[in-house]
Amino acid sequence: MKPLDGLIVLEFCQFLAGPSAGLKLADLGARVIKIERPVKGEACRQLSIKDLFVDDSSLLFHTINRNKESFAADLKNPDDIILIKKLIAQADIMTHNFRPGVMEKIGLAFKEALAINPKIIYGTITGYGTTGPWAKKPGQDLLLQSLSGLSYLSGRKSQEPVPFGLAVADLMCGNHFVQGILAALLKRAKTGKGVLVEVSLLESVLDVQFEAITSFLNDGGQLPERGDVKGTAHAFLSAPYGVYETQNGYLSLAMGDLLFIGNTLGIDLNDYADKHLWFEKRNEIRQILANKLLTQTADFWIELLQKKGIWCGKVFNYEELDNQPFVNELQLKQTVKNSDGKTLVTTRNPIQLDGNYLTSSKAAPKVGEDNLQIHEQFLKQ
Amino acid sequence: MKPLEDYLIVDFSQFLSGPSASLRLADLGARVIKIEKPGTGDICRTLYTSDLIMNGESSVFHTINRNKESFAIDFKDPLELEKLKKLLAKADVVMHNFRPGVMERVGLSYDALKAINPTVVYASITGFGNHPDLKDLPGQDLLLQSLTALTWLSGNQDDGPVPMGLSIVDMLAGAHLAQGILAALYRKATHNIGAFVQVSMLESAFDFQFETITTYFNDGGELPVRTKNNNAHAYLGAPYGIYKTKNGYLALAMGSIPVLATLLKCEALLAYPENKFTLRDEIKNILATHLQTQETQFWLDILEPADIWCAGVLNYQQLFAEEGFKVLDFTQKVTMLDGYSYETTRCPIKIDGEYFVSTKGSPKLGQDNEKIIKEFIAV
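Which chain is which? The protein sequence lines are A and B, in order.
Per numbering that gives the first Met the number 0, the first sequence starts with residue 0, numbered consecutively.
Per numbering that gives the first Met the number 0, the second sequence starts with residue 0, numbered consecutively.
It is worth saying that the hints were derived from the structure and are not from the lab.
Please note that the accuracy of each hint is not assured.
[Said to hold, decoys possible] Which residues of chain B face chain A? A partial, calculated answer using Cβ under 8 angstroms:
id, residue
1, GLY38
2, GLY128
3, SER153
4, GLN156
5, PRO162
6, ALA188
7, ASN230
8, LEU364
[Said to hold, decoys possible] Once the Cα atoms are required to be at most 20 angstroms apart in a straight line, the calculated SDA-like pairs of lysine to any residue come out as:
id, chain 1, residue 1, chain 2, residue 2
9, B, LYS113, A, GLY354
10, A, LYS365, A, LEU51
11, B, LYS325, A, THR129
For each residue, glycine too, the CB sits at the ideal point set by N, CA and C.
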């Protein structure tokens, strides 16, 4: 049995952070019902990458919202609010990521939800918390990366700040939201009372940087400084750490004994015998390594290095990755099917429980697809 | 009341992935006991980054292992193992991040633990799961970023692979393991059964890229293409990116190009009324040139009132000076048993209005042996 079997989640969240958490809860066994405005539904349905749509909704929406149900309701309509309140009375968890004040206005703030259901777990995601001058700023991923210092960790020193090329603040926050909600379930199991869970994109994107920030706090406020050779991978790590070009493609070298690695590659690095130089002179050293590695193929080097137990690996792109037999052997893909019988291939949940992958063939719902059934089950009386 | 109060977690894991998961569980209220090798302990203690050593050990170790206890015991010695089993019999969670086979060889497989502790939640992080060709490869962050093609998403088109500049895959695997453990603890609380939770860095890196990988699966196999300059997301059109200004940088997320053209008084942009994805390099170039003509604040003062999604680009010094950061109270001071104090961050989750802070610093190797032996083993 899945750990969250029997639990009902009402998801008022939109876009990525909240719904990515809802997806995790669904894969762990919860029944997740998206509460969406009629007809148009959640805003992410129209947000597409490369104009890719599965049905009336984008592939992006489908990726984030598989394994969920949809209940269409107009939160500005008092009759619909009555139905929503009936649902809340029978739910275990509700989540939203409206800006501060919105749920208060429609009478569905934590206090009110608690009055309807004293055991409700109420989760909220904000951009920057609920107080202070940033509370009303748009909680958008790139802005969070930019404000939090994160964009000074990747790329090279002589470049402009380099953001992470995907929505890391949203996704980490979604992960923390899941942790908070699960912890709240444990708390509720002990106290029998409702619980309020709050996370913000800003705190989450700062938590990802806990090592770098702790260094900053304890080394006299020194800012992280990126290396300046192509393939620089970590502001705080010494040579050889990074990506290198070879005769045909790229390889990565992780941390290791520099002199031993030099010997293996046929480079004399004895001028850098003092370990402190591995950090101080990392640009110089990495350039020497880069020159050498360019002279042979990636496979040639990797065979040579792996034989000596040196931590290295190939750099794949999606095509090369998708061609690896382990992708199918580890069932890293799953196929989901919508109510029209349309299928699409996507990834699966990363957690394995009792030896089983947490898969599900259920695709994302259409707007209001489950209204009738939910009505029958919860709203008739 | 903290949600995991009264839970006991015994953690064999080292480095970052596993310990970051147990740190989260510790902050949520669990008692976490690190099992460490006598003499050396968690290898992370001596893994120095930036040459920053605090109180004799690496800053990284202190960051990840605060709020935990340390029990130094050589569990490869059968006599010591028997002692340790007394502690393991009482644990709610036993976790590790050894390569497949290591725990089995010392007699601490899930089945072995279930025999002495039937409702134990047993959790592991590996690099690649139990895959026969991969299981002996090092589960190292940069190598996982490289293998899973994550390096083709950041940086500009001609930069080659650009890794994300922190151990993101480790942290994701840790976050997912914590989720699996918490879900299993909930099932244990409601049904009184144990669980075997497994996460691999490979699966976590796939999950992180679920949007772009799913796009690749469904767009006929096109590889992501980063913009030539100011790239922030290979799949998004202009203006999405970070731009240099006269005195710093400006981040611009979404926005209609004609509206931006008018607001920024940038005539050249008026030639792009449709904001075609295929023309994003040109549009970004024009923006990049234009935005350098004024200071960051000048642009923010125009764009923010017009509800354009934008922000300044801060480093830690600048961030720490901002009121928006200060109100979070995000840093905390922790103290080790010997009185050494340091500042670090706190748990990002708030429950019932409570931030989960703790003043307990990281443990010295084996500092809690006596107490643990008395409490669990000598009885």
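Going down the list of hints, with the structure as the test:
The interface hint given for GLY38(B) is violated, since its Cβ lies 20 angstroms from the closest Cβ of chain A, which is over the 8 angstroms cut-off. For GLY128(B), the interface hint holds, the least distance from its beta-carbon to any beta-carbon of chain A being 6 angstroms, beneath 8 angstroms. A distance limit of 8 angstroms between C-beta atoms decides the matter here; for SER153(B) the minimum to chain A is near 4 angstroms, and the interface restraint holds. Checking GLN156(B) against chain A by beta carbon gives a least distance of about 12 angstroms; that is not within 8 angstroms, so the hint is violated.
At a threshold of 8 angstroms, the smallest CB-CB gap from PRO162(B) to chain A is about 4 angstroms, leaving the interface hint in force. For ALA188(B), the shortest C-beta to C-beta distance to chain A is roughly 5 angstroms, which falls under 8 angstroms, so the interface hint holds. Proximity of ASN230(B) to chain A holds as hinted, the smallest CB-CB distance being about 7 angstroms (cut-off 8 angstroms). At about 20 angstroms, the closest approach between the beta carbon of LEU364(B) and any beta carbon in chain A exceeds 8 angstroms, and the interface hint on this residue is violated.
At most 20 angstroms may separate the alpha-carbon atoms for a hinted pair to count; LYS113(B) and GLY354(A) meet this at roughly 15 angstroms. For a cut-off of 20 angstroms, the pair hint linking LYS365(A) to LEU51(A) stands: about 16 angstroms separates their Cα positions. Among the hinted pairs, LYS325(B) with THR129(A) is consistent with the structure: their alpha-carbon atoms are about 13 angstroms apart, no more than 20 angstroms.
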